[in-house]
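Protein chains: 2
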Amino acid sequence: MVTEDVTASRRARAGGRDGRRGGRGRAASPAYITRRIPPYEMLTEEALARIEEHADRILEEVGFEIRGDQEAVDLFRRAGAQTKGFRIRPPRGLIRAIIQRSCPPSFVQHARNKERSVVIGGGAAVFAPAYGSPFVTDLDRGRRYGSIEDFRNFVKLAYASPWLHHSGGTVCEPVDIPVNKRHLDMVLAHMTLSDKAFMGSVTTAPRAADSIEMCRVLFGAEFVEENCVILGNVNTNSPLVLDGEASRVIRTYARANQAAVCVPFILGGAMGPVTTAGALAQCLAEAMMCVALTQLERPGAPAILGNFLSSMSLRSGAPTFGTPEPALAYMAIGQLARRLGVPLRCGGNLCASKIPDAQAAYESANSM
Amino acid sequence: MVTEDVTASRRARAGGRDGRRGGRGRAASPAYITRRIPPYEMLTEEALARIEEHADRILEEVGFEIRGDQEAVDLFRRAGAQTKGFRIRPPRGLIRAIIQRSCPPSFVQHARNKERSVVIGGGAAVFAPAYGSPFVTDLDRGRRYGSIEDFRNFVKLAYASPWLHHSGGTVCEPVDIPVNKRHLDMVLAHMTLSDKAFMGSVTTAPRAADSIEMCRVLFGAEFVEENCVILGNVNTNSPLVLDGEASRVIRTYARANQAAVCVPFILGGAMGPVTTAGALAQCLAEAMMCVALTQLERPGAPAILGNFLSSMSLRSGAPTFGTPEPALAYMAIGQLARRLGVPLRCGGNLCASKIPDAQAAYESANSM
Chain R
1 MVTEDVTASR
11 RARAGGRDGR
21 RGGRGRAASP
31 AYITRRIPPY
41 EMLTEEALAR
51 IEEHADRILE
61 EVGFEIRGDQ
71 EAVDLFRRAG
81 AQTKGFRIRP
91 PRGLIRAIIQ
101 RSCPPSFVQH
111 ARNKERSVVI
121 GGGAAVFAPA
131 YGSPFVTDLD
141 RGRRYGSIED
151 FRNFVKLAYA
161 SPWLHHSGGT
171 VCEPVDIPVN
181 KRHLDMVLAH
191 MTLSDKAFMG
201 SVTTAPRAAD
211 SIEMCRVLFG
221 AEFVEENCVI
231 LGNVNTNSPL
241 VLDGEASRVI
251 RTYARANQAA
261 VCVPFILGGA
271 MGPVTTAGAL
281 AQCLAEAMMC
291 VALTQLERPG
301 APAILGNFLS
311 SMSLRSGAPT
321 FGTPEPALAY
331 MAIGQLARRL
341 GVPLRCGGNL
351 CASKIPDAQA
361 AYESANSM
Chain U
369 MVTEDVTASR
379 RARAGGRDGR
389 RGGRGRAASP
399 AYITRRIPPY
409 EMLTEEALAR
419 IEEHADRILE
429 EVGFEIRGDQ
439 EAVDLFRRAG
449 AQTKGFRIRP
459 PRGLIRAIIQ
469 RSCPPSFVQH
479 ARNKERSVVI
489 GGGAAVFAPA
499 YGSPFVTDLD
509 RGRRYGSIED
519 FRNFVKLAYA
529 SPWLHHSGGT
539 VCEPVDIPVN
549 KRHLDMVLAH
559 MTLSDKAFMG
569 SVTTAPRAAD
579 SIEMCRVLFG
589 AEFVEENCVI
599 LGNVNTNSPL
609 VLDGEASRVI
619 RTYARANQAA
629 VCVPFILGGA
639 MGPVTTAGAL
649 AQCLAEAMMC
659 VALTQLERPG
669 APAILGNFLS
679 SMSLRSGAPT
689 FGTPEPALAY
699 MAIGQLARRL
709 GVPLRCGGNL
719 CASKIPDAQA
729 AYESANSM
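Those sequence lines, one after another, are chains R and U.
The opening position of the first sequence corresponds to residue 1 in this note's numbering, with each subsequent residue numbered one higher.
The opening position of the second sequence corresponds to residue 369 in this note's numbering, with each subsequent residue numbered one higher.
Note that these hints are calculated values from the structure, not bench results.
In this text the structure is predicted, and so the values were computed from the model without any measurement.
A virtual CB, placed ideally from N, CA and C, is assigned to each residue, including glycine.
Any given hint could turn out to be false.
Partner residues aside, some chain R positions facing chain U, computed with beta carbon under 8 Å [stated by the list, open to error]:
(1) T203
(2) T204
(3) A358
(4) A360
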């Protein structure tokens, strides 16, 4: 009896076994970060307006090509843009108006475990694992091409980490699986080895459709029609080109009410100007065109304005990550995304080091 | 003749040998950094006003002790503060008014080499070497107490670095020199092995006076009377106490028109509250009292509002540097210093690691 009393009293103090477990779980692993301090406003109103003005001018005067996707070009033509072949020249303000008319400023991406669902946009910050590494490294086997076993291990690691809120997408490239079915194994791993939100295939439109179809099996087709359960991360072919396959991928996600992440990949000096201000204007122009495409395909579909701005060694041509230029650019693109009212995806913990050393640590900290 | 022509033409293009050397020197080694992007405004107007209000309340209700320096206490009494023994209780707003009446918001610290003189305050940022390390480490001899040879080597290293704008002060503690004459060797090293601006002794008032007297030999007494050529970095005995020797050091620098750096050293949980907001209010109260003392001693003397806020492991009592708390506190104290209109000294590249590893790198990057 005494023992039982003590046990009961302990349980009561701790809120019971379930209460205790639940409480600890929530404390150790928040679903995402909610900012309680303001973002850094690096650029003035005037500077931001000039970058926006320049993005509009790039689109109106140079234009943006969606190469090989006549349907996408037609969507822009019917919305009021001039088109010639695959080149689209929207008048100033049109693209911003299309986006602001229907693109949600924030949305929930649902996870298999409801407590892991994440808010994307507004004051929420969601940390996701790295994306797209062709190589993996460990102490025992050194550097090698990634395999599906590595992929599954990375999914498990992200699942175990309380500081990664998302399962990510191509956490490494599993080259031991044939390309035509690789995406199925990748999405399956995210669905079965983690309960966090995840990303689907973007290599072709049918593979994007497969990823979404798998979500319909997991979440139910009706739920998927009404809620975001998967993201697709699409890069432009900077400067100012979107491949027709990529545009069909964007439209596939949008048509299914799922979120396309629209990411210009610009290394200053290679696919864009060396000046950060110029690269920002180009990045904004390209990303806005992709976000607008999602709204033309399905008004109200969730979408994310992305960016991957970095610098290049002008001597060797090598990409240089973790430098001051992208750190400054990310703060500016954050301001531009907030003004546009669209959620932002930023490249995060980047560095130029090839090993996990002190350089990797301080460059990554500066990038974050 | 042909050879001479080519040489002449090369010289002309490069602006002549002297022009070339001068141009490179300036480009590689700016005297200090001039901010061209705004500081991060973390706290709202309302939050800052609450911290200031709380600092005033601490001073009025609890008071601040200058232990053993009756002259300093009398200065505050004559300025309108209540005093009892060594305890000073200024009415709300008095200290801020004393500071804002005469303390310069920025000033020039002159260096032996005029091109190395630094602006302190306003939009200028001056990077100085670390201060006060008792130990030094190298690969050959490992960790040991610092010597004057180490001290001289650190002065030479800071002189050689284009990214350190200042020669610093106690770059390490040279324990092989007797304490009563150690400050003379330290100041001599800064004067002869570097041409950058430097700091003097603060361990006793006569040693502070010696440091200034050496400056009179180097710069001329008249120049020193009119211009800042040396800084003295003085810590309070937090919480809310200033040792009489420290206050006499502050007054010695101020009386000679030289700049006292007034630095509360607060580890949350040891010498102040564990909450960052509470520690900030205490820090502001202590630092303002020291800056006000400089103005009561000599109105218009340059002074710097300092801070060294960090956290403590509440389990072991060990100081923990490089944590998020001081990074947040430094941004807030920056805002408070700008509102007060006094130059700021912040602890910089801090970390909790004992070796130059990845942890040291990312914690230092975050602190900076």
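Right, here's what the structure says about each hint:
| no. | hint | verdict |
| --- | --- | --- |
| 1 | T203 | 34 Å, violated |
| 2 | T204 | 39 Å, violated |
| 3 | A358 | 4 Å, holds |
| 4 | A360 | 7 Å, holds |
Hints 1, 2 from the earlier list are contradicted by this structure; the remaining hints agree with it.
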